[in-house]
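Participant: Protein chains in written order, with the working numbering: chain R, 1 to 340; chain P, 1 to 196.
Honestly, the hints are just simulated from the structure, not real lab data.
Mixed in with the good hints, there may be bad ones.
[Unchecked claim] Calculated from the model, a selection of chain R residues having no Cβ within reach of chain P, i.e. all distances over 10 Å:
| # | residue |
| --- | --- |
| 1 | Leu-7 |
| 2 | Arg-9 |
| 3 | Ile-32 |
| 4 | His-55 |
| 5 | Ala-96 |
| 6 | Ala-109 |
| 7 | Asp-187 |
| 8 | Ile-251 |
| 9 | Pro-252 |
| 10 | Lys-293 |
[Said to hold, decoys possible] Which chain P residues face chain R? A few, computed with CB under 8 Å, are given here:
| # | residue |
| --- | --- |
| 11 | Leu-16 |
| 12 | Ala-26 |
| 13 | Arg-29 |
| 14 | Asp-39 |
| 15 | Phe-62 |
| 16 | Cys-112 |
| 17 | Val-141 |
| 18 | Arg-161 |
| 19 | Arg-165 |
| 20 | Leu-166 |
Ideal placement from N, C-alpha and C gives every residue a C-beta, glycine not left out.
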Amino acid sequence: MNDPTRLDRDLEALRTLSARDVPDLDATIQTIRQRGPQRGPRLWSFRRNLMALFHSIRTRPALAASVFAALAVLIAMVVPVSYDKVVGQDVALTVAGKALGRAEISGLAQGLKTALGVNDVLVDAFSAQDGPRFVLHTTLPRRSGAEVQRASMDFARELAAKGYSASVRVTPHRERVRYPAMAYAFDQIINISVDGKSSAALEQEIRDRLAQAGVPDAQVSVTDAPRGGHEVKLTVERRRDAASPTPQEPIPQVVLTKNGAPLGGGDGLTVKVQKKKRDGVTSLTVNVTSNGKAGKAEVSNSDTLSDSALADAISTQLKQQGLDMKVTVLGGKISLERVK
Amino acid sequence: MDSRADTPRWNRLIRLLRPIHGQAVATARRLSRSAHDGDDLYQEAVLRAHDKLNGLREESRFRSWFFAILLSRHRSWVRRPRREWLPIEDLLGRRDEPAGEDGALWEEERRCAERAARALAGLKPEQREAIVLHDIEGFSVEEVADMQGSRIPAVKSRLKRGRERLRSFYLRHEAPRNETQTAGAMAWPAKERSHE
């Protein structure tokens, strides 16, 4: 083959010819120094950099996507958003009894401080026909709502044993905070590991963590699944006046993890039921996600339908969207199950 | 302040550039698709070198430092949208070159260079750089690796693959007398080929 020889000869020719008529260095430098305007260098520099950036984005899409993703994360870490965050638990202990005087109330307040480990207790006094009523208020820093509830209930039981009429109410203490968007996103996600936990322990942890996140009324049920693992049912009910200017509190998302990795939601079932009442007419929306497939059923005038008719209407609409569900309506309460 | 007005820095750059100016311009032309593009590439590299000159500590390393900048600009150029092709006279300086006594020899040399440039244009930028710097300029593999910011095995691989592609190009263009312009390769004007 004579190609290498030809190649060498051609490269030699290229070497020779491309070295001819090389412009003088001083003339070249002169040309460079005259290139571009002498005025407004910043503007020109900005324009040049901007064009270079656009060019880089066009020629390196993967790099550009990574840079934009990093930028988005950076913005989320820096730009603050305002939201209500559960920062503790408010405890309201209501005590009534004829023998309650200043000294007794002072003693009860001290007892509550000791029981809950707080420094301050505020007492409101109310007079009623059947005798005075006192409400002891305190706020605990962020702790499990369930734990606070237990401690408060124990204290209320002690008072009841002493002949007082006592009741306790524990509510999440929310404060308007201003944190980066990233922190807000993390606040909306509750990660719970299922490793080595029994169903009862898992149920308790989910309940506690939800209470801690401001959802103390979640109905949680964790049972052992027949094929191994756990079956988790989580129900949260919320009512909101449509005319209310206050936006509905977001409900945090519970993410169960195993060996540090989120459990696949492939066989999860999420049901969101919304009833809207306006001008006396109730409309119902059921959003379902099953095996990663989403569907929606909408029923207007749902209050006028019987339980079985409502169940039929929902299941028919979901079936049309490829979701085969067994819908049960009992006294207006809707529950869904996948058809096996 | 406009960096172009920084005379002491320019003076320093001119002093350092002077010994390698001719070789650097020729290399820029060999990496580019035309002499005009090559000269533009060289000018961009000089401008960038001027901007970064204060970062150069060892002047003894200026040559490889400058060539590394030249290669960086070359890759940036390759990624840019294709530009208009310019006449071959720009690459070969033929317009101003007297044909001499033996016009046929000159014509043959021009045709060979044209073919080599077309073959090089078909290589990947890194391969083209390795071939131009090592096989044409005579830099060692270590020097090329330093300029390309790569490891020696990578440069050897580029040289090997680049040469294979060049040979493949020559095999495909076995009949040199009747070969025609390949679309997207070098810009050889029709009036030039009419002499062939």
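Participant: If you check each hint against the structure, which ones fail?
Facilitator: 1, 2, 3, 4, 11, 15, 17, 18, 19
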